[in-house]
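Chemist: Read off the chains here:
Protein chains: 2
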Amino acid sequence: MEYKVLTEGDVLFFQSILGKENVLNSDLELYAKDCSENLEFFPDIVLKPTTTDEVSQIVRYCYENLLPITPRGAGTGLVGGALAVKGGILISMENFDRILEIDKENFQVTVESGVINYHLQQAVESVGLFYPPDPSSWQSSFIGGNIATNAGGLKAVKYGVTSQYVLNLEVVLPNGEVIWTGANTLKNSTGINLTQLFVGSEGTLGIITKAVLKLLPKPQNDVSLLVPFRKLDEACDAVSAIFHANIKPSCLEFMEQRAIHAAIDFLGIQSMPMDVEVEAHLLISLDEIIEHDLPKLVDVLTQFDIGDILFAENELEKNRIWQIRRKVAEVVKQNGYTIEEDTVVPRANLAKLVREMHDLADKHSFKVVCYGHAGDGNLHIRINHPIHKNSYNNATIREILLELFQIVKNLGGTISGEHGIGLIQKNYLPIVFSSRNLALQNQIKHSIDPKNIMNPGKLFKN
Amino acid sequence: MEYKVLTEGDVLFFQSILGKENVLNSDLELYAKDCSENLEFFPDIVLKPTTTDEVSQIVRYCYENLLPITPRGAGTGLVGGALAVKGGILISMENFDRILEIDKENFQVTVESGVINYHLQQAVESVGLFYPPDPSSWQSSFIGGNIATNAGGLKAVKYGVTSQYVLNLEVVLPNGEVIWTGANTLKNSTGINLTQLFVGSEGTLGIITKAVLKLLPKPQNDVSLLVPFRKLDEACDAVSAIFHANIKPSCLEFMEQRAIHAAIDFLGIQSMPMDVEVEAHLLISLDEIIEHDLPKLVDVLTQFDIGDILFAENELEKNRIWQIRRKVAEVVKQNGYTIEEDTVVPRANLAKLVREMHDLADKHSFKVVCYGHAGDGNLHIRINHPIHKNSYNNATIREILLELFQIVKNLGGTISGEHGIGLIQKNYLPIVFSSRNLALQNQIKHSIDPKNIMNPGKLFKN
Numbered sequence: 001m002e003y004k005v006l007t008e009g010d011v012l013f014f015q016s017i018l019g020k021e022n023v024l025n026s027d028l029e030l031y032a033k034d035c036s037e038n039l040e041f042f043p044d045i046v047l048k049p050t051t052t053d054e055v056s057q058i059v060r061y062c063y064e065n066l067l068p069i070t071p072r073g074a075g076t077g078l079v080g081g082a083l084a085v086k087g088g089i090l091i092s093m094e095n096f097d098r099i100l101e102i103d104k105e106n107f108q109v110t111v112e113s114g115v116i117n118y119h120l121q122q123a124v125e126s127v128g129l130f131y132p133p134d135p136s137s138w139q140s141s142f143i144g145g146n147i148a149t150n151a152g153g154l155k156a157v158k159y160g161v162t163s164q165y166v167l168n169l170e171v172v173l174p175n176g177e178v179i180w181t182g183a184n185t186l187k188n189s190t191g192i193n194l195t196q197l198f199v200g201s202e203g204t205l206g207i208i209t210k211a212v213l214k215l216l217p218k219p220q221n222d223v224s225l226l227v228p229f230r231k232l233d234e235a236c237d238a239v240s241a242i243f244h245a246n247i248k249p250s251c252l253e254f255m256e257q258r259a260i261h262a263a264i265d266f267l268g269i270q271s272m273p274m275d276v277e278v279e280a281h282l283l284i285s286l287d288e289i290i291e292h293d294l295p296k297l298v299d300v301l302t303q304f305d306i307g308d309i310l311f312a313e314n315e316l317e318k319n320r321i322w323q324i325r326r327k328v329a330e331v332v333k334q335n336g337y338t339i340e341e342d343t344v345v346p347r348a349n350l351a352k353l354v355r356e357m358h359d360l361a362d363k364h365s366f367k368v369v370c371y372g373h374a375g376d377g378n379l380h381i382r383i384n385h386p387i388h389k390n391s392y393n394n395a396t397i398r399e400i401l402l403e404l405f406q407i408v409k410n411l412g413g414t415i416s417g418e419h420g421i422g423l424i425q426k427n428y429l430p431i432v433f434s435s436r437n438l439a440l441q442n443q444i445k446h447s448i449d450p451k452n453i454m455n456p457g458k459l460f461k462n
Numbered sequence: 001m002e003y004k005v006l007t008e009g010d011v012l013f014f015q016s017i018l019g020k021e022n023v024l025n026s027d028l029e030l031y032a033k034d035c036s037e038n039l040e041f042f043p044d045i046v047l048k049p050t051t052t053d054e055v056s057q058i059v060r061y062c063y064e065n066l067l068p069i070t071p072r073g074a075g076t077g078l079v080g081g082a083l084a085v086k087g088g089i090l091i092s093m094e095n096f097d098r099i100l101e102i103d104k105e106n107f108q109v110t111v112e113s114g115v116i117n118y119h120l121q122q123a124v125e126s127v128g129l130f131y132p133p134d135p136s137s138w139q140s141s142f143i144g145g146n147i148a149t150n151a152g153g154l155k156a157v158k159y160g161v162t163s164q165y166v167l168n169l170e171v172v173l174p175n176g177e178v179i180w181t182g183a184n185t186l187k188n189s190t191g192i193n194l195t196q197l198f199v200g201s202e203g204t205l206g207i208i209t210k211a212v213l214k215l216l217p218k219p220q221n222d223v224s225l226l227v228p229f230r231k232l233d234e235a236c237d238a239v240s241a242i243f244h245a246n247i248k249p250s251c252l253e254f255m256e257q258r259a260i261h262a263a264i265d266f267l268g269i270q271s272m273p274m275d276v277e278v279e280a281h282l283l284i285s286l287d288e289i290i291e292h293d294l295p296k297l298v299d300v301l302t303q304f305d306i307g308d309i310l311f312a313e314n315e316l317e318k319n320r321i322w323q324i325r326r327k328v329a330e331v332v333k334q335n336g337y338t339i340e341e342d343t344v345v346p347r348a349n350l351a352k353l354v355r356e357m358h359d360l361a362d363k364h365s366f367k368v369v370c371y372g373h374a375g376d377g378n379l380h381i382r383i384n385h386p387i388h389k390n391s392y393n394n395a396t397i398r399e400i401l402l403e404l405f406q407i408v409k410n411l412g413g414t415i416s417g418e419h420g421i422g423l424i425q426k427n428y429l430p431i432v433f434s435s436r437n438l439a440l441q442n443q444i445k446h447s448i449d450p451k452n453i454m455n456p457g458k459l460f461k462n
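First to last, the protein sequences are chains E and S.
Using my numbering, the letters of the first sequence map in sequence onto residues 1 to 462.
Using my numbering, the letters of the second sequence map in sequence onto residues 1 to 462.
Think of the hints as simulated: they come from the structure by calculation, not from any bench.
Among the hints, a few may not be true.
Examples of chain E residues toward chain S, derived with CB under 7 Å [to be verified]:
1) E105
2) E177
3) I179
4) L186
5) T190
6) G191
7) G200
8) G417
In silico PhoX-like links for lysine-lysine, alpha-carbon gap of 20 Å or less [unchecked claim]:
9) S:K33 with S:K158
10) E:K218 with S:K296
11) S:K333 with S:K367
12) S:K333 with E:K409
13) S:K158 with E:K104
14) E:K333 with E:K389
15) S:K333 with E:K352
Derived, one-sided and incomplete: chain E residues facing chain S with beta-carbon distance under 10 Å [to be verified]:
16) K104
17) Q164
18) L173
19) T185
20) N193
21) T195
22) E291
23) H292
24) P295
25) N319
26) G336
27) N349
28) Q406
29) N410
30) T414
31) S416
Don't be surprised by glycine CBs; every beta carbon is placed ideally from N, CA and C.
Required output: the full structure, derived from the provided sequences and hints.
Modeler: See the structure below:
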């Protein structure tokens with residue numbers, strides 16, 4: 001597709017819709033990066049609409065004039081999804097920051113898509129309600145981006161990922177038309193499921209402007225346990241054992257020793273004993289029915305070769321151990337592990353996955369660190385290659401990742417559990433999808449965005 | 001679309017693929033009806049394939065020869081979805097009845113789409129696992145049909161509907177190609193969500209041949225309560241109060257007095273006291289954390305004007321009260337309530353919905369009975385019209401239903417919570433969807449089934 005090059009006339013049009021203050025065409029560094037590797041792509045212009053109607057007018061203009069659009073939330077994505085790889089128009093949703101209605105009676109909230117996850121959580125908790133999805137980026141990421149990538153997080157193991165909380169979406173389609181996708185109901189068998197088609201579509205099918213989200217009652221109490229395992233395999237096996245004992249952890253995280261050490265060093269935590277013989281930790285939370293599940297959990301854990309369990313019951317103790325987990329990605333990235341993968345496998349194959357990742361690292365002489373949402377089989381794998389720091393368009397890393405994803409595929413898994421595909425994973429899709437499956441995805445994309453103006457270059461090949 | 005008329009040559013082709021015994025072209029009464037109203041549409045031929053490859057060959061032939069296909073599960077649908085309204089080919093999935101693998105380690109099961117829900121439940125329970133979705137038709141309906149309609153059931157209020165349990169699908173597309181839609185993982189942000197696009201698509205986008213389903217550990221114990229309310233509004237209000245008290249019922253059903261009386265009479269239950277002043281019952285189950293939730297539940301209930309609560313703790317007692325709920329639809333249908341609607345509204349609007357349905361019945365001089373999944377806001381409304389027994393193509397009933405769905409829409413709800421749209425609800429879609437939304441649904445249908453051979457006349461206009 002040959003896109004049109006932005007002209008002065010286009011800029012004037014956008015200014016007439018948005019006002020000059022919401023049309024930026026210089027100093028765009030902030031909008032040229034996201035949180036993936038070290039990539040930088042400058043859009044030609046950044047637009048900051050405030051209403052759905054403004055988004056609609058902009059998009060219709062781009063549709064008629066063949067201008068490529070990159071929708072952008074907070075830029076916390078890890079796969080280059082918010083980068084303007086074709087230049088053109090970047091639409092920042094930062095002004096869509098209003099929580100429109102909390103419906104306490106029906107446990108629902110209606111938000112604009114630029115609301116920060118953390119702000120939403122705070123707002124609903126203040127009225128005794130609970131929005132569970134909590135990706136690592138929760139303090140800055142937008143709900144719209146969470147929906148576009150079907151974000152997960154720590155609590156997904158018990159409460160499910162973002163898709164389970166999205167009841168209805170207002171979307172601006174690639175031709176500028178505005179629709180609501182569904183209804184504000186807990187069940188819905190009315191029409192094909194447009195809502196879930198937009199969840200996880202990474203801004204390639206339209207721009208999410210509003211969302212109606214399901215809420216839960218706020219759990220009343222919780223406890224966390226940091227559990228050191230002398231053998232890495234046993235930490236993985238314990239994950240399965242916990243579920244077989246019919247325990248429902250609200251979080252169940254895995255950290256290799258290399259990951260937790262880096263975070264503890266970084267945070268300057270002195271008082272945390274770290275047995276050198278320990279290979280991995282599980283970080284486990286229980287909520288609500290603690291008295292019911294905690295004894296069962298300790299029974300399961302003590303069947304393995306573990307060190308002393310650190311129990312965290314008050315907020316201070318809980319924060320101390322959870323900040324370790326929350327900081328891991330940032331810290332290991334600073335330590336040179338710049339390439340992050342987001343693999344997911346059937347849960348019982350976790351130990352095999354970790355072992356095969358270590359073998360792969362040995363074979364290709366890079367360092368690897370594994371951590372993540374063990375309860376979901378969702379393992380983050382960070383690679384520290386002595387020479388190459390980006391995976392995008394690097395032949396050596398590409399070869400490694402082809403092997404890595406083939407291992408994941410052979411274990412019944414797939415490329416991304418919660419980050420999405422975006423720019424930097426799209427070339428690996430043929431490993432996990434047949435050509436017919438990919439053709440069908442492309443047909444659907446083409447039927448909704450025939451001119452390929454909506455986040456081009458992401459998720460789909462072109 | 002002008003479809004081709006079936007010829008002797010077509011029959012011979014199908015016989016060459018399936019063998020004569022799996023190609024039926026006479027005595028097709030069994031395949032001409034489903035469980036909706038009194039409709040009858042005969043296919044020209046019924047095919048009973050046994051393998052995905054056979055389905056693929058049949059569908060490819062139909063695609064090339066412009067023969068309309070109606071996929072059919074057990075025929076338990078309530079909206080005419082399995083009726084061959086265009087004649088042509090009916091593909092019965094009854095031979096797809098194998099449970100292929102129960103993966104105990106990963107809490108997953110792989111089934112063919114013609115497996116009966118009840119058989120699946122029995123099979124997984126025998127190894128300590130649990131498949132929650134349990135539509136009323138569970139003893140005969142096929143998993144493929146459950147997926148195609150996104151079926152709900154009694155336990156959806158705690159455990160969610162079918163869509164939450166579908167990890168991956170094998171689907172024969174309208175051109176005969178076969179794909180797996182996703183991966184056998186608990187989380188997945190890889191590609192657009194084809195899996196959830198096929199869930200609830202009612203056989204209009206392809207034929208589901210296999211499914212990988214998520215399982216849970218089997219809950220260990222449960223208790224049920226039948227609670228009589230002297231005022232119908234209070235029964236509805238109690239539903240909201242239960243959730244506000246942070247209680248998690250595993251079932252939460254509502255029955256108007258007219259419904260429960262009919263079922264009790266039909267079942268010949270003598271010993272159940274029925275206070276004439278009672279307007280409605282709630283039927284509530286708790287599982288697992290009974291000792292935690294039961295006292296809280298009784299506290300909530302006793303704030304309302306209720307009669308004696310009937311507690312059912314052993315299997316005999318539980319069966320006695322649950323058979324009432326399970327029999328309601330069949331019994332009230334026999335009593336002349338032949339037209340069933342499957343409305344769903346935000347939960348707190350349930351009392352308003354029931355009240356407005358009664359007003360509507362008074363206005364148009366028909367009888368109405370309401371019951372259903374109160375915890376989800378999903379109310380089944382059955383209509384007994386003194387003259388008209390079918391809604392399909394009946395002008396009087398159509399006028400009534402237009403008003404009925406407008407009420408539902410005004411309360412924030414939609415047409416179907418779990419039955420689907422099929423043949424008999426499709427003309428009401430413009431009440432709940434904008435023309436742009438419907439156009440988008442049609443675009444997607446057209447991109448996947450450009451010749452409109454897959455379940456034509458259902459869900460979509462033509």
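Chemist: Work down the list of hints and note, for each, if the structure agrees.
Modeler: Hints and how they fare:
Because the closest C-beta pair between E105 (chain E) and chain S is about 4 Å apart, less than 7 Å, the hint holds. For E177 (chain E), the interface hint holds, since its Cβ comes within 7 Å of a Cβ in chain S; the closest pair sits about 5 Å apart. Checking I179 (chain E) against chain S by beta carbon gives a least distance of about 4 Å; that is within 7 Å, so the hint holds. Hint status for L186 (chain E) relative to chain S: holds, with the closest Cβ pair at about 5 Å, below 7 Å.
Using the Cβ-Cβ criterion of 7 Å, the hint placing T190 (chain E) at the interface with chain S is satisfied: the shortest such distance is roughly 5 Å. For G191 (chain E), the shortest C-beta to C-beta distance to chain S is roughly 6 Å, which falls under 7 Å, so the interface hint holds. With 7 Å as the threshold, the beta carbon of G200 (chain E) comes within range of chain S, its nearest partner Cβ sitting at about 5 Å, so the hint holds. Taking 7 Å as the C-beta cut-off, the interface hint given for G417 (chain E) holds, the closest approach to chain S being about 4 Å.
Proximity of K33 (chain S) to K158 (chain S) is assessed by CA-CA distance (about 33 Å); at most 20 Å being required, the pair is judged violated. At most 20 Å may separate the alpha-carbon atoms for a hinted pair to count; K218 (chain E) and K296 (chain S) meet this at roughly 16 Å. With a C-alpha separation of about 12 Å, the suggested pair K333 (chain S) and K367 (chain S) falls inside the 20 Å cut-off, and the hint holds. Restraint check: the Cα-Cα separation between K333 (chain S) and K409 (chain E) comes to about 50 Å, which exceeds 20 Å; the hinted pair is violated.
A distance of roughly 19 Å separates the Cα atoms of K158 (chain S) and K104 (chain E); the hinted pair therefore holds under the 20 Å criterion. About 10 Å separates the Cα atoms of K333 (chain E) and K389 (chain E), which keeps this hinted pair within 20 Å; it holds. The hinted pair formed by K333 (chain S) and K352 (chain E) fails the criterion: a straight-line CA distance of about 55 Å is larger than 20 Å. The beta carbon of K104 (chain E) comes within 8 Å of a beta carbon in chain S, closer than 10 Å, and the hint placing it at the interface holds.
This hint holds: Q164 (chain E) has a C-beta 7 Å from the nearest C-beta of chain S, less than the 10 Å allowed. The closest approach between the C-beta of L173 (chain E) and any C-beta of chain S is roughly 7 Å, which is under the 10 Å cut-off, so the hint is satisfied. Residue-level restraint check for T185 (chain E) holds (minimum Cβ-Cβ distance to chain S is 4 Å; threshold 10 Å). The restraint placing N193 (chain E) at the interface with chain S holds, with a minimum CB-CB distance near 5 Å, inside the 10 Å limit.
Because the beta carbon of T195 (chain E) sits about 9 Å from the nearest beta carbon in chain S, less than 10 Å, this interface hint is met. Restraint check, E291 (chain E) versus chain S: the minimum CB separation of about 8 Å is within 10 Å; hint holds. Taking 10 Å as the C-beta contact cut-off toward chain S, the hint placing H292 (chain E) at the interface holds, the least distance being around 6 Å. A least Cβ separation of about 14 Å between P295 (chain E) and chain S goes past the 10 Å threshold, and the interface hint is therefore violated.
The interface hint given for N319 (chain E) is violated, since its Cβ lies 24 Å from the closest Cβ of chain S, which is over the 10 Å cut-off. Hint on G336 (chain E) is violated. Least Cβ distance to chain S is approximately 26 Å, over the 10 Å limit. The beta carbon of N349 (chain E) comes within 8 Å of a beta carbon in chain S, closer than 10 Å, and the hint placing it at the interface holds. Using the Cβ-Cβ criterion of 10 Å, the hint placing Q406 (chain E) at the interface with chain S is not satisfied: the shortest such distance is roughly 14 Å.
Checking N410 (chain E) against chain S by beta carbon gives a least distance of about 12 Å; that is not within 10 Å, so the hint is violated. Annotation: T414 (chain E) was flagged as interfacial toward chain S, and the flag holds, the nearest CB pair being 4 Å apart, inside 10 Å. Against a cut-off of 10 Å between C-beta atoms, the interface hint on S416 (chain E) holds, since the closest Cβ of chain S lies about 4 Å away.
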